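Could you put the whole structure together from the sequences, leaning on the hints where they help?
Okay, so the sequence shown: first residue is 2 according to my numbering, each after it adds one.
The set of hints was computed from the structure by calculation and includes no laboratory data.
None of the values given here were measured: they were computed from a predicted structure.
Among the hints, erroneous ones may be present.
What the hints assert, rightly or not - Here are the simulated EDC-like cross-link-like pairs (lysine to aspartate or glutamate), alpha carbons at most 20 Å apart as the crow flies: (1) LYS140 with ASP105; (2) LYS103 with ASP43; (3) LYS115 with ASP105; (4) LYS138 with GLU149; (5) LYS115 with GLU126; (6) LYS103 with GLU149.
Unchecked claim - With beta-carbon atoms standing in for the labels, derived distance ranges: (7) SER147 with GLY4: 16 to 26 Å; (8) ALA116 with ASN13: 33 to 43 Å; (9) ASN119 with ALA32: 32 to 42 Å; (10) LYS107 with ALA29: 32 to 42 Å.
Glycine included, C-beta positions come from ideal geometry on N, C-alpha and C.
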Amino acid sequence: MPGIEKIYFGANFPVKDEHLAEIYSRPALAASLKALSLGDSDTGNGYYITDAAVIALASACPNLRVLSLDAVTNVTDAALIACCQACPALEMLRITGNDKVKGDIKGTSLEQLKASPNWAPNLKELALYYQDEYGTKFKKALKALSKERKNLAIQTGETLGDTT
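So, in structure tokens, the structure goes:
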């Protein structure tokens, strides 16, 4: 019997670290998981997710191809780095804040991703909405990463329909 490959937490579900722990603490489930989506920028659900949970999830789920983490305003560069290091099959990574609270990706992870072509070599899409897109470090790192990984589509800024 094949394992569960996709898990989607709905927009109105207030996902927390303990929910991710239920996934990464089950080796068979973690090994079979290829896609995980959680959070929502309109409801703000995703706020309770921390670096520790994302790092543990990435470490336990090496076959992840799609990881979408919306409104995870407490997630930093450390989690992005862990995802890219631990998930070689990763094709799409989305880490967003929301229109009320910006995310905490500052650019260090983008610099390291540029310098490490063996991290997430299949990454085709990186979406970092509502981050520190106006910070100089973030902008420089984003530009350098874009030059280095020409096949990587990078999306930043705000999403449609959101206002500050």
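Here's how the hints hold up against the structure:
For the given pair, LYS140 sits about 14 Å from ASP105 by alpha-carbon distance, which is consistent with the 20 Å threshold. Restraint check for LYS103 and ASP43: the C-alpha separation of about 13 Å stays at or below 20 Å, so the hint holds. Only pairs whose Cα atoms come within 20 Å are accepted, and LYS115 paired with ASP105 is accepted, the gap being roughly 19 Å. With a CA separation close to 16 Å, the supplied pair LYS138 and GLU149 stays within the 20 Å bound.
A distance of roughly 14 Å separates the Cα atoms of LYS115 and GLU126; the hinted pair therefore holds under the 20 Å criterion. Under the criterion of a C-alpha separation no larger than 20 Å, the hint pairing LYS103 with GLU149 is inconsistent with the structure, at around 26 Å. At about 35 Å, the CB distance of SER147 to GLY4 disagrees with the hint of 16 to 26 Å. As the Cβ distance of ALA116 to ASN13 is approximately 39 Å, the hint placing it in 33 to 43 Å holds.
ASN119 and ALA32 have their C-beta atoms about 21 Å apart, which leaves the hinted 32 to 42 Å range violated. Taken as a hint, the range 32 to 42 Å holds for the pair LYS107 and ALA29, whose Cβ atoms sit roughly 36 Å apart.
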